[in-house]
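Peer 1: Spelled out, the chains give:
2 protein chains.
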Amino acid sequence: MTEDLVIGIDVGGTNMRSALVDPRGRIVLQSRTATGAWLEGRETARRLIEECRSLRLAASGFGAAVRAAGLGVAGRIDPREGRVVFSPNLPRMNGYPLAAELRTALDLPVVMLNDADCFGIGESRLGAGRSIPNWVGLTLGTGVGGCLVLDNHLWTGDNLGFAGEIGHMIVVPGGRPCACGARGCLEAYASGRALVEGFLEAAATGAPVAGIEQRPLEPAKVAARDVHRLALQGDPLAREVFRRMGWAIGLALSNCFTVLGVRHAVIGGGVSAGWDQFEGALVVSLAEHATMFEAADAVIRRGVLGDDAAPLGAALAAWRQLGHGA
Amino acid sequence: MTEDLVIGIDVGGTNMRSALVDPRGRIVLQSRTATGAWLEGRETARRLIEECRSLRLAASGFGAAVRAAGLGVAGRIDPREGRVVFSPNLPRMNGYPLAAELRTALDLPVVMLNDADCFGIGESRLGAGRSIPNWVGLTLGTGVGGCLVLDNHLWTGDNLGFAGEIGHMIVVPGGRPCACGARGCLEAYASGRALVEGFLEAAATGAPVAGIEQRPLEPAKVAARDVHRLALQGDPLAREVFRRMGWAIGLALSNCFTVLGVRHAVIGGGVSAGWDQFEGALVVSLAEHATMFEAADAVIRRGVLGDDAAPLGAALAAWRQLGHGA
Chain A
1 MTEDLVIGID
11 VGGTNMRSAL
21 VDPRGRIVLQ
31 SRTATGAWLE
41 GRETARRLIE
51 ECRSLRLAAS
61 GFGAAVRAAG
71 LGVAGRIDPR
81 EGRVVFSPNL
91 PRMNGYPLAA
101 ELRTALDLPV
111 VMLNDADCFG
121 IGESRLGAGR
131 SIPNWVGLTL
141 GTGVGGCLVL
151 DNHLWTGDNL
161 GFAGEIGHMI
171 VVPGGRPCAC
181 GARGCLEAYA
191 SGRALVEGFL
201 EAAATGAPVA
211 GIEQRPLEPA
221 KVAARDVHRL
231 ALQGDPLARE
241 VFRRMGWAIG
251 LALSNCFTVL
261 GVRHAVIGGG
271 VSAGWDQFEG
281 ALVVSLAEHA
291 TMFEAADAVI
301 RRGVLGDDAA
311 PLGAALAAWR
321 QLGHGA
Chain B
1 MTEDLVIGID
11 VGGTNMRSAL
21 VDPRGRIVLQ
31 SRTATGAWLE
41 GRETARRLIE
51 ECRSLRLAAS
61 GFGAAVRAAG
71 LGVAGRIDPR
81 EGRVVFSPNL
91 PRMNGYPLAA
101 ELRTALDLPV
111 VMLNDADCFG
121 IGESRLGAGR
131 SIPNWVGLTL
141 GTGVGGCLVL
151 DNHLWTGDNL
161 GFAGEIGHMI
171 VVPGGRPCAC
181 GARGCLEAYA
191 SGRALVEGFL
201 EAAATGAPVA
211 GIEQRPLEPA
221 KVAARDVHRL
231 ALQGDPLARE
241 VFRRMGWAIG
251 LALSNCFTVL
261 GVRHAVIGGG
271 VSAGWDQFEG
281 ALVVSLAEHA
291 TMFEAADAVI
301 RRGVLGDDAA
311 PLGAALAAWR
321 QLGHGA
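Protein chains in written order, with UniProt numbering: chain A, 1 to 326; chain B, 1 to 326.
Hints are computed from structural coordinates only; laboratory data are not their basis.
Backbone N, C-alpha and C fix where the C-beta goes; we use that ideal spot for every residue, glycine too.
Among the clues, some could well be false.
Derived DEER-like restraints, expressed as beta-carbon distance ranges [as the list claims (entries may be wrong)]: (1) B:R229 <-> A:G95: 30 to 38 Å; (2) A:T33 <-> B:A273: 29 to 37 Å; (3) B:R183 <-> A:D107: 42 to 50 Å; (4) A:G234 <-> B:R80: 46 to 54 Å; (5) B:V299 <-> A:R46: 36 to 44 Å; (6) A:N152 <-> B:R26: 34 to 42 Å; (7) A:A58 <-> B:R183: 50 to 58 Å; (8) B:V283 <-> A:G181: 39 to 47 Å; (9) B:E240 <-> A:S31: 44 to 52 Å; (10) A:R320 <-> B:G61: 29 to 37 Å; (11) B:D297 <-> A:E3: 38 to 46 Å.
Isolated chain A, as found in the complex (with noise of 0.2 Å):
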């Protein structure tokens, strides 16, 4: 008997990464492959096709067929036509009808999703969010995606395209600057950019670097986890970025937590790995912003799943368009 697997790919601002799942959710084979936001839409295209044509071909090696492909892209998705509508991460996407081209390349079903909805999906089916029937999740990568999870189910809204865009809730109006257009979003202050961005502004100015020898800095080679070393170092200004970024995503929470009347989050991507430079600033901000629930009885996790959480609800995304999974 031929085994059935599905693809899941995760599409993000600068790795993409492609999973083989069966229908349990297991993860059979999986890859990564750099993409970035300077890609053309075309060339991206080009790129998943091939991914997906290798994982096809390691899948009838151990003879199982692929039944379909589920895409995560990072902005606001037109699940019918399968085309990226507005990517702030990934601009060049704007438009591309990249679920549509693969569709016709790989003779497959494929479902397009946001990434973060991706990320719901795989942590409310089989990470931090089982479970739980309502909570609030965030990813912490380039930008900073969100979705919501209500009553056990990905929430879509009036199926716009996007639902749960927490990273583009507005914690301070005429603040920084969004990759979206507009200020003080919570991108802004939570995402990679913003502690890349942030940091390297603040040394600039030639604010007192205290505790730590005066190094040069390279800003294009600059990343978030370069910031992360740094304030594990103990030093400052990326103490203080990182405070910062605790401060705007306990803000949004409590925020998020007010208006759904819920009380869980899960907080995932790969920034999310500077989780000790950001909780006790995130835990002290929810707590002065909270005045409707008990800031005591929120509960925010990590999600568990880290990397695998998108292409995993990806692939589940994709196995329930087969008539698979709730």
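Got chain A sorted already, so can you dock chain B onto it with the hints?
Peer 2: Relative to chain A, chain B alone:
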């Protein structure tokens, strides 16, 4: 045959509105009594019980029987215990077992809800929210109430006794103090109290008042409707506080739409009578802050049930308790 009726009551910061409602949601009889933030819980309960008894008497007068009562109260509610947990605008009600006392005194099933949630049920079933599956509700009164209707039902979240508290979403971190104890809540910019306080503050600083004659102010007697009247007469200070109100509502609704992926809102409450003075700023603010959705797709409606929305919704909740209606 005896006709069955229920009582619906809205206990607001200023008035108590009661209605006898039939199973189809028609108001058979209604009345209004003064309440006030200064009233002790015991005195409020006494007035409520008296009101219910006279409505019951009236019902029996035309051959009908009262089967239950629904109670809408501003604030966080413990629905199981029938207790007001925390009410920023009826502070003396905090902790008071209002529903339990009513239940005992009247020997009737009594259901207690947040007053803005009653507005949500009323407008959803019989008003501006009919046929709109997902919408955000705001009630502008002494404070700012909020509710969410999701999938055609009032959203109650984790049943923590509050949900949809958009009035306590923080729109300006560290901003104006709010009755709830936090700073910068929507309510601190968009409530009747905020209008009056903002206007009096501006007038007291001696800011130039152009275009109208100087008038003696009696701060204790100024109400939101007076600020509205002054705005209609062209008073720039009054107009400014209404503009600020519209700006804050536009920002809060933009955040709600971005997080929920929905595009409809219904605004009610007595202070929504100032619609002409804040709508323009609201629309501008919504467009300025929206990036995930097209501001042109957003639909902001006024409630159509007026002061009847909350007592009607409370009555519908009582009918539901009895097994009538969805």
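Peer 1: To test your reading of the hints: which numbers does this structure violate?
Peer 2: 1, 2, 3, 8, 9 and 10
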